[in-house]
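Colleague: The lines below spell out each chain.
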Amino acid sequence: MKDEPHLQKLVSKIVRLPALPDNVLAIQRLIRAPDTTAETVGQAIARDQALSAQVLKLVNSGFYGFTTPVASIAHAVVLLGFGALKTLLVSTAAASLIGSAFPGLYPHSLTCARIAFILARRQGLDEPDELSAAGLLHDIGKMVLATHLPEEYEAVKKAVHERNLLFMDAETATMGVTHADLGAWLLAQWRLPAQTVEPIRRHHAFDPDAPFAERAAALHLADILARAEGVGDPGDSRIPRPDPRALAALGIGLPDIRPLMDEAFDQLTDLYSGDAAA
Amino acid sequence: MNTLPLQKARPGDVLATDLTTPEGVFALGKGATLSASVLARLDKMGVASVTIRSRSDDDSAAAMNTALAQLAARFAGCETDPILAEIRRVAEDHVRLRFE
Ligand SMILES: [Fe+2]
Ligand SMILES: [Fe+2]
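Heads up: the sequence lines are chains A and B, in that order.
My numbering numbers the first residue of the first sequence as 1 and each following residue consecutively.
My numbering numbers the first residue of the second sequence as 279 and each following residue consecutively.
These aren't lab readings, by the way, just hints derived from the structure by calculation.
We treat Cβ as the ideally placed atom computed from N, Cα and C, and that holds for glycine.
Some hints here could point you the wrong way.
[Stated by the list, open to error] Heads up, simulated SDA-like pairs for lysine to any residue below, C-alpha to C-alpha not over 20 Å straight-line:
1) A/Lys158 x B/Arg352
2) A/Lys158 x B/Pro283
3) A/Lys157 x B/Gln348
[Unchecked claim] Coverage of chain A stretches by chain B, computed from C-beta distances (three or more under 8 Å per stretch; other residues unrestricted):
4) 228 to 239
5) 258 to 271
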């Protein structure tokens, strides 16, 4: 990949990797053990009260489309399955990290997650709940930038404000890589699977031939729609152009936009009141 | 805050300034809420106009205009893309719905 040297140079400046908490790491180890079942993982999460509370808060934050509240970890495990559980665990830890980047990034991320879920369900994509967790994480690279690369972040912010650029264009202009590359790098370090990492890497640079292109297309469009609805703050105040190939990959045409956005809008009302802090 | 003829004031409006009669006599203090009977009494006292705080529907009209202006700024330069033009139309309808 042509950006690789830029990325390596940038991440070499990060003194300490944004870390997952020990309890999350322990459960990740359990998940990787050969004979672990979803039930044992559920029990391990349930024994950790603080983690259970965070997991349930996220499960009930609206992006899984459950109509009744999920009250227990055991119930969450049944509803979500193993794959989504792994991503959810990282999302739980990431939610507060994303919230610490800059105000507005978490509501933007949560909006993108909800829209990605709706999009996945409407278009019949696999595992909508994993996609919504990826939606929550899609801009985590901005957190890395804001909290671990302060000089670079200042230069990007300056370019965004002085030249009214998209955040990603300001990143390319000043660093040669974007938050999508940084985020994918971090999530790979955190051992998230390729089906989550690759779509996040491609959410602003759609490639129909890249792995998991359909999911990348969903994140690409969900980000644009989250910006259109004006919830939260992605760090700039413009709208990227939707890539026609991404829309084609999703099977979305002009007549599908209104019903999709109307369904999303119905599920965003609580976010407009502005109390979506991580 | 705006000044209206007394006939245009409604019960529930809140005074934004102290109110005096045409003779210069203090009638009601800033912050008082006008009721139907108070409005009738002010009329008898010869008060022709009142200065009231903006009503909550004026506030929400202002908030809606701000949201629409932000939306227009976000979409500036996107007019040529038919999908983005549609996204913008729907988002604009959603802003109006939120403030209805
Ligand atoms: Fe992004
Ligand atoms: Fe985004």
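Colleague: Mind listing which of the numbered hints don't hold for this structure, in increasing order?
Modeller: As far as the earlier hints go, only 2 is violated by this structure.
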